[in-house]
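Engineer: Assemble the whole structure, with the sequences as input and the hints as a guide.
Residue numbers (our numbering), protein chains in the order written: chain A, 7 to 475; chain B, 7 to 475.
By construction, these hints were calculated from the structure, which means they are not laboratory data.
None of these values were measured; they are calculated from a predicted model.
Heads up, some of the hints might be wrong.
No copy is singled out in the list; a pair is fine if it fits within one copy or between any two copies.
What the hints assert, rightly or not - Calculated pairs, EDC-like style, for lysine to aspartate or glutamate (alpha carbon to alpha carbon, straight line, at most 20 Å):
#1 K190 - D452
#2 K302 - E233
#3 K140 - E233
#4 K281 - E44
#5 K287 - E270
#6 K81 - D440
#7 K227 - E177
#8 K287 - E327
#9 K377 - E270
#10 K190 - E68
Protein chains: 2
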Amino acid sequence: MNHPAQLAAIKRPLPDVFLAALQGLFGARLSTTQAMREHHGRDESSYDPMLPDAVVFAHSTEEVAAAVSLCNQYKVPVIAYGTGTSLEGHILALAGGISIDLSQMNQVVAIHPEDLTVTVQPGVTRKQLNVEIKDTGLFFPIDPGADASIGGMAATRASGTNAVRYGTMRENVLALTVVTAEGKIIHTGTRAKKSSAGYDLTRLYVGSEGTLGIITEIVLKIYPQPEAISAAVCSFPDIASAVNTVIQTIQMGVPVARVEFLDENGVRAINKHDKLTLPEKSLLLFEFHGSEHGVKEQAEIVQQIADEHGATGFEWATRPEDRSRLWQARHNAYFALLQMRPGCRAISTDCCVPISQLAECLLETKADCEKQNLVHAIIGHVGDGNFHVQMMVDPNDPADVARAEGVNERMVTRAIAMDGTCTGEHGVGLHKMDFLIQEHGQGAIDTMRAIKHALDPNNILNPGKIVRW
Amino acid sequence: MNHPAQLAAIKRPLPDVFLAALQGLFGARLSTTQAMREHHGRDESSYDPMLPDAVVFAHSTEEVAAAVSLCNQYKVPVIAYGTGTSLEGHILALAGGISIDLSQMNQVVAIHPEDLTVTVQPGVTRKQLNVEIKDTGLFFPIDPGADASIGGMAATRASGTNAVRYGTMRENVLALTVVTAEGKIIHTGTRAKKSSAGYDLTRLYVGSEGTLGIITEIVLKIYPQPEAISAAVCSFPDIASAVNTVIQTIQMGVPVARVEFLDENGVRAINKHDKLTLPEKSLLLFEFHGSEHGVKEQAEIVQQIADEHGATGFEWATRPEDRSRLWQARHNAYFALLQMRPGCRAISTDCCVPISQLAECLLETKADCEKQNLVHAIIGHVGDGNFHVQMMVDPNDPADVARAEGVNERMVTRAIAMDGTCTGEHGVGLHKMDFLIQEHGQGAIDTMRAIKHALDPNNILNPGKIVRW
Numbered sequence: 007m008n009h010p011a012q013l014a015a016i017k018r019p020l021p022d023v024f025l026a027a028l029q030g031l032f033g034a035r036l037s038t039t040q041a042m043r044e045h046h047g048r049d050e051s052s053y054d055p056m057l058p059d060a061v062v063f064a065h066s067t068e069e070v071a072a073a074v075s076l077c078n079q080y081k082v083p084v085i086a087y088g089t090g091t092s093l094e095g096h097i098l099a100l101a102g103g104i105s106i107d108l109s110q111m112n113q114v115v116a117i118h119p120e121d122l123t124v125t126v127q128p129g130v131t132r133k134q135l136n137v138e139i140k141d142t143g144l145f146f147p148i149d150p151g152a153d154a155s156i157g158g159m160a161a162t163r164a165s166g167t168n169a170v171r172y173g174t175m176r177e178n179v180l181a182l183t184v185v186t187a188e189g190k191i192i193h194t195g196t197r198a199k200k201s202s203a204g205y206d207l208t209r210l211y212v213g214s215e216g217t218l219g220i221i222t223e224i225v226l227k228i229y230p231q232p233e234a235i236s237a238a239v240c241s242f243p244d245i246a247s248a249v250n251t252v253i254q255t256i257q258m259g260v261p262v263a264r265v266e267f268l269d270e271n272g273v274r275a276i277n278k279h280d281k282l283t284l285p286e287k288s289l290l291l292f293e294f295h296g297s298e299h300g301v302k303e304q305a306e307i308v309q310q311i312a313d314e315h316g317a318t319g320f321e322w323a324t325r326p327e328d329r330s331r332l333w334q335a336r337h338n339a340y341f342a343l344l345q346m347r348p349g350c351r352a353i354s355t356d357c358c359v360p361i362s363q364l365a366e367c368l369l370e371t372k373a374d375c376e377k378q379n380l381v382h383a384i385i386g387h388v389g390d391g392n393f394h395v396q397m398m399v400d401p402n403d404p405a406d407v408a409r410a411e412g413v414n415e416r417m418v419t420r421a422i423a424m425d426g427t428c429t430g431e432h433g434v435g436l437h438k439m440d441f442l443i444q445e446h447g448q449g450a451i452d453t454m455r456a457i458k459h460a461l462d463p464n465n466i467l468n469p470g471k472i473v474r475w
Numbered sequence: 007m008n009h010p011a012q013l014a015a016i017k018r019p020l021p022d023v024f025l026a027a028l029q030g031l032f033g034a035r036l037s038t039t040q041a042m043r044e045h046h047g048r049d050e051s052s053y054d055p056m057l058p059d060a061v062v063f064a065h066s067t068e069e070v071a072a073a074v075s076l077c078n079q080y081k082v083p084v085i086a087y088g089t090g091t092s093l094e095g096h097i098l099a100l101a102g103g104i105s106i107d108l109s110q111m112n113q114v115v116a117i118h119p120e121d122l123t124v125t126v127q128p129g130v131t132r133k134q135l136n137v138e139i140k141d142t143g144l145f146f147p148i149d150p151g152a153d154a155s156i157g158g159m160a161a162t163r164a165s166g167t168n169a170v171r172y173g174t175m176r177e178n179v180l181a182l183t184v185v186t187a188e189g190k191i192i193h194t195g196t197r198a199k200k201s202s203a204g205y206d207l208t209r210l211y212v213g214s215e216g217t218l219g220i221i222t223e224i225v226l227k228i229y230p231q232p233e234a235i236s237a238a239v240c241s242f243p244d245i246a247s248a249v250n251t252v253i254q255t256i257q258m259g260v261p262v263a264r265v266e267f268l269d270e271n272g273v274r275a276i277n278k279h280d281k282l283t284l285p286e287k288s289l290l291l292f293e294f295h296g297s298e299h300g301v302k303e304q305a306e307i308v309q310q311i312a313d314e315h316g317a318t319g320f321e322w323a324t325r326p327e328d329r330s331r332l333w334q335a336r337h338n339a340y341f342a343l344l345q346m347r348p349g350c351r352a353i354s355t356d357c358c359v360p361i362s363q364l365a366e367c368l369l370e371t372k373a374d375c376e377k378q379n380l381v382h383a384i385i386g387h388v389g390d391g392n393f394h395v396q397m398m399v400d401p402n403d404p405a406d407v408a409r410a411e412g413v414n415e416r417m418v419t420r421a422i423a424m425d426g427t428c429t430g431e432h433g434v435g436l437h438k439m440d441f442l443i444q445e446h447g448q449g450a451i452d453t454m455r456a457i458k459h460a461l462d463p464n465n466i467l468n469p470g471k472i473v474r475w
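Structural biologist: Here is the structure:
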């Protein structure tokens, strides 16, 4: 992947006149300290930090527009920053420029419980949102592991454990306010549930990783809290049995709200991190939403399927605090896994395949991890055919890193051959750019590039990500 | 709207060398007869026909690519044609050119019941698809009134009665094969249920009405037929009571599969057309999907809400043939309404608003229709906040047409003011182009135009639709 070097080569200091103008806009909310730049030049990926030259903290859409307009005028790269929890190098400042930190734009702008919609600024985090709307009896289901910002989640087309029932950011963003590369403010939709009014700009910006525009306001769908919720956990003699339980559940159309897989390494890590005592073998975590009776019905069907696949230790978490503990542990998995090999970094990846291919894809990937003798875990939103591989590597050992990247490459190639995708929810960032070509073919990539050139002619918006210039 | 005239002004005869080359590609499947051109130069809208200069019947993606490549070389407009059932002038050949009829590309290419996906050619119609997959126990839920082609449904981002539960084409198209303006063949996605792999080209082409590319293959989600289905019909003393019943049902999160409204005129029309005896006042048609118990539970909640709003004559259609008759009548509504005023044409429109605004929007629109003394009916997919107004006008009476267009304009302005959209499912075509600007603002329209210019630099793809050049 030689383009980071190419971009670094065109990197140049910020023009003084530009910096002065930016200072005029942001005053004390502009920083060029090393610490601030370092904080904004890394994410949760294993890449070395690549620092922006300056960081500004925006307080409004208009401020973002003014900053981007200035960047466009001086051809300075600009990268939107939320919580820094992306996993594939999305926010690294390959060519320097400025980072616009949106974390202080963290207001819930409007709650419309009567329409099941909410309007938020991009810095609102998913947990914050759910706290703020709790009294309405409604909730927002999308939950990547980290407490990510809604803006970042929209920009990476994030999903999480509830996606099998409620969809991803693709399905749950109704409309956006976006600052274009020229610094114009546009609105991509309305609060209507559906629309056939022109090109679907909302879906174009969702998942565009800050390369086509900067998202400064988001209208989301929210959902009535289900009348009843139940969660269950059970163990399986092997991975295939667990995965086949999931495949059959989905094929039968059981509307599970969540179904998560953890391999024995994943279970071991969360046991240790969250002081749990789950059996350290292949595990499924289920959650069911519905009426009292509906939840019972779903659970009975799933338990029967699981039993047929040799499930043991079926345990029900009926009390909210037990459920929370279980799901919190699941959400902590990424951080729990980081502690499996102290001093190491995680190479994290995901893919997604048609559900019938899941067992084969996951088993072959697991075998590959073991063959390469990697400290690893496989966990996943298996109801969607989506799973993650997290590999702990010594960043100073090139052979170790190469083994992990080899597993990643073979997994992606496998997923694509099965008519799946190189990333189900992490996004492209730097790590998946070459695989994007493999997945879509050069023609689709050329179309993506034509869109990038049309909407960002000076290549200032998060340059060097998703498609090459 | 002066641009049809502008486009007509630039209309020029097809170059002989172009026609000869096209003939070389399609042989007897090229036609320039008046009858064929007339058939392909009209849709179900009230616009006068605008004829293409020639029609070709494509049999493969490669043939479409060859034809479009030729069109691009000679700058000849090209319009994709499915079943001709669009409602807003989508396929009218404003600037002449060729119509590519895709109705003979009507193969179901692959059925993957184990993944709940199906791959079809664009000429497959929704009814044909459901017949062909019936044995799998799966079904495809999207059902605009007409037996439209799947390609056309994707191109207009269609929905229908089941969208409240299953979503629209936006949510149900997984991937597309598209011929670009240059005549290249691209693939926009995979069969994975979710993906974060780059720009969402699939959603960009869905709803682009043939202006960005021609869709030649579609991968769709399909669903297990529910264990139990029940349908019900009930009448209300007035429109407000019916609509408020729907609003409350949606706000409570009852997962109804269908909830359709017909005003008294709509009921009268289908009674006559389908020899039914429904009470000729505001009517709701419900359908519930789920387990035996789940369906019963949903129905009880809805019946209770309806009772509180003065519903009468609650009747259950439990036998499949009774349900089919009811839904067939609903689907025939457009054609039934056409017979309300013989010799007249229908001006048909739709809008969609946040659910809490539905009663006000629909009631004000109804009052406007009555004030204008129009022969009309209002019917709608009210669970989504979406409704249709169909007005029968004498096409030779400009005052009559103007009254209907006035109702349309005020309805759209009303919907947009309520944070709704100028079209929930019909699409833009010619009829909604000006409203698109009103809804999105000039900035978003400029962004759409930039995309159009980037992907169709010679403006050959269905020119003059969605955005002006």
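Engineer: If a hint holds in the structure, say so; if it does not, say that too.
Structural biologist: A quick look at each hint next to the structure:
Taking identical chains as interchangeable, the C-alpha atoms of K190 and D452 lie at most 20 Å apart only when they sit on different chains, with a minimum of 10 Å there against 25 Å within one chain. With identical chains, the CA atoms of K302 and E233 are at most 20 Å apart both within one copy (12 Å) and between copies (16 Å). Taking the closest pair of Cα atoms, K140 and E233 come within 20 Å of each other only inside a single copy of the chain (14 Å); across copies the shortest separation is 34 Å, beyond that limit. Neither within a single protomer nor between protomers do K281 and E44 lie at most 20 Å apart by alpha-carbon distance, with minima of 33 Å and 74 Å respectively.
In this assembly of identical chains, K287 and E270 lie within 20 Å of each other by CA distance solely inside one copy; the values are 4 Å within and 62 Å between copies. Taking identical chains as interchangeable, the C-alpha atoms of K81 and D440 are never at most 20 Å apart, the minima being 26 Å within one chain and 35 Å between chains. For a Cα distance limit of 20 Å, the shortest separation of K227 from E177 qualifies both inside one copy, at 9 Å, and across copies, at 14 Å. Taking the shortest Cα distances, K287 and E327 never come within 20 Å of each other, neither inside one copy (24 Å) nor across copies (51 Å).
For the homomeric pair K377 and E270, the shortest alpha-carbon distance inside one copy (16 Å) is at most 20 Å, but the shortest distance between copies (71 Å) is not. For the identical chains of this complex, K190 and E68 are intra-copy neighbours only, at 9 Å inside a copy versus 40 Å across copies, given an alpha-carbon limit of 20 Å.
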